[in-house]
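Undergrad: Take a look at the letters that make up each chain.
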Amino acid sequence: MAALRAIMKTTAARLSALYLILFAICAILLVFYMTSLSVHMLEAQTRDTINEDVQRLAAGYERGGLPLLVRVIEQRSRQPGANLYLIADPNGRILSGNVESLDPGVLSTNGWTERPFSYVRYGEGVGERPNRPTTGRVAEHRAIAVVLRLPNQLILLVGRDLGEPERFRLVVRRSLMFALGTMGLGALLIWFFVGRRALKRIDNISAASRRIMGGDLSGRLPVVGAGDEFDRLAENLNMMLGRIAELNEGLKQVSDNIAHDLKTPLTRLRNRAEAALAGKHSTAEYREAIESSITESDQLIRTFNAILMISRLEAGYSAESTVPIDLDTILHDVVELYEPVAEEMGVGLEAGVDGKHTITGNRELVGQALSNIVDNAIKYSAGSSEKAAVTVKAESVDGEVRLTVTDNGPGIPEDDHARATERFVRLEQSRSRPGSGLGLSLAKAVMKFHGGRLDLSSVEPGLRVSMAFPASKKAN
Amino acid sequence: MVSQTANAGDLANKTSMKILVIEDDREAADYLEKAFAEAGHNAHLARDGEAGYTLARNGDYDVLVVDRMLPQRDGLSVIAGLRAHGDDTPVLILSALGEVDDRVTGLRAGGDDYLTKPYAFSELLARVEVLNRRSAGKDVETVYRAGDLELDRLSHTVKRAGKEITLQPREFRLLEYLMRHAGQVVTRTMLLENVWDYHFDPQTNVIDVHVSRLRSKIEKGFDAPVLHTIRGAGYMLRAG
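Line order of the protein sequences matches chains A and B. Mind the numbering: the first sequence is residues 1 to 476 in this note's numbering, read in order. Mind the numbering: the second sequence is residues 1 to 240 in this note's numbering, read in order.
It is worth saying that the hints were derived from the structure and are not from the lab. None of the values given here were measured: they were computed from a predicted structure. Errors might be hidden in some of the hints.
Distance condition first, Cα-Cα at most 30 angstroms in a straight line; then the derived DSS-like pairs of lysine-lysine [unchecked claim]:
1) K217(B) to K448(A)
2) K263(A) to K34(B)
3) K159(B) to K217(B)
4) K117(B) to K280(A)
5) K387(A) to K263(A)
6) K34(B) to K117(B)
7) K252(A) to K280(A)
8) K252(A) to K117(B)
9) K263(A) to K159(B)
10) K387(A) to K217(B)
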């Protein structure tokens, strides 16, 4: 009973109940329609039969006059069957036929009786006494008939019992009701089993999510493999859990990395202050110590801000901060900004644009990401060859707008491409160079924020970093 | 050639400012009060938004430093309240929030500058000094002068000792900004913000290289340095 109540609470059960009711209403309407239709058809058939009978009697009357008609009727009345015959005098007294009595007023109609009437068949009346008034305790039948006036004022009634069509109607109705009942019962059974199955799967999902909430963060919801809506839901929820785990992992990594990468400079800072405090120093030495401490703290603040910014960007998208922006302008700004540094480091910096590239985004973020990438490219290609060069390009490819920065420096081995954009990861060859190790991770976070990608690929020699933005719809 | 590196105090022609700091963190507020005093300014403190608003309405301050998240009354609401009463005292917003559009929200509420915590005091000081309304009014001048250096904003020409110096458009804007704030420290991020209109912190010394290019153009062949590097802070343009 409890299980049934639980099932009744499910959406599936409620929907099925609704469908069942609708179905029942339709079925009942169908039963009524079918029976009344069939009754009408049978009635029409009955009338045809009566008409034929009358025509035959009329033919007999023409041939042999009234005596023949009476004889024929008497003869027919003795035959078993559903036909009714009656001859009465103008006052309605029954003279001949197989009807003992009938509803008053029937004989006064002319032509077809308007509606079925009751009658008592001859020989079925009480005590076979024709004069005794009918009491209603006799077997009444229903019939339709045609009433005709004969030329000598006698009344002729030819009719047909309706017992057969009414039985038929009952049979049709009963069988339809039976079919309906069976279907209803079937629906209930299917509903019970399907509902229970659905309920079981939902229970499984609930149990799994409780386990996950309980701390088993690697747990996932069961996917049966049926590919139905439950599986799709579970798959999506699993993807969400995966994303949460990823963020969680990222957070954990950040705290680990903060512990490592911020502790080192903090320790250095502290040591320097301690060293300055210990022993006697000249004013210039004190000043030197304080200045280097400030430089060190500035670097710390910078690293800290970058970490914060990456987490904020990864936390989500805020549509308010994005507008249509022109990538070419940003590209030229950044190239112009870095051009003197590049020249000083002996690196050629070139800008290439193949048209107008507009995306929906945040100018600040894109500018910062691009400048981080250009910064890296200049830093790593400097001194690598006689003609160190960095090319920055904007192009539209495959429905994307890309900003690519290509250098001809030593590049990064293919295997390390994915790792290069992780936070704080500084690949072997870069350990000795300045930087927080956050430049590419920030660029990656910016691309994620814009719904795009950051791709690294190798060129011979060198590295190509590509910021791929989804092309914006024509922004006006 | 004289050393081009100096300390802010050695060069600046300080005008003492009256600053109101609205900040609920006691330690941070006390530090700011002391640090502003050491820089030659007079800083008052308010610990919550309501008190800060009352002080700002009645005191005649040169600059307000307002934290965004304050007890009793939110920092942005304080600024909006002041602006609604026609008070246009320059406001620098301090914020621990670092969302992408925080800056926009803050400036839209009526702030004049925005600084995210944690910040270096040198950065805050430089920005506050530049905001000082007594140093405003330079926007209407068409020619900036510092010693024998002259910049004409209309004809886009730069002359030193009567001799014309050719600058790239960006170098011109850089010098224009430095000369508008002659005698004041401007930081690298301030330059990036005002000359390039980007608000991030460049990793490498890109700004330094731009400045040293500009410096070589305006100082080469002349005796006195005008563009000074201020240790731990930024740059200052000052003749003599």
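Undergrad: Look at each hint and say if it fits the structure.
TA: Comparing the hints with the structure gives:
1. K217(B) to K448(A): Status violated; Cα separation ~42 angstroms.
2. K263(A) to K34(B): Cα-Cα ~28 angstroms, so holds.
3. K159(B) to K217(B): 11 angstroms, holds
4. K117(B) to K280(A): 35 angstroms, violated
5. K387(A) to K263(A): Violated. K387(A) to K263(A) sits at ~39 angstroms, over the 30 angstroms cutoff.
6. K34(B) to K117(B): 18 angstroms, holds
7. K252(A) to K280(A): 44 angstroms, violated
8. K252(A) to K117(B): Holds, because 23 angstroms separates the two Cα atoms, which is no more than 30 angstroms.
9. K263(A) to K159(B): Answer violated: K263(A) to K159(B) is near 50 angstroms, above 30 angstroms.
10. K387(A) to K217(B): 27 angstroms, holds
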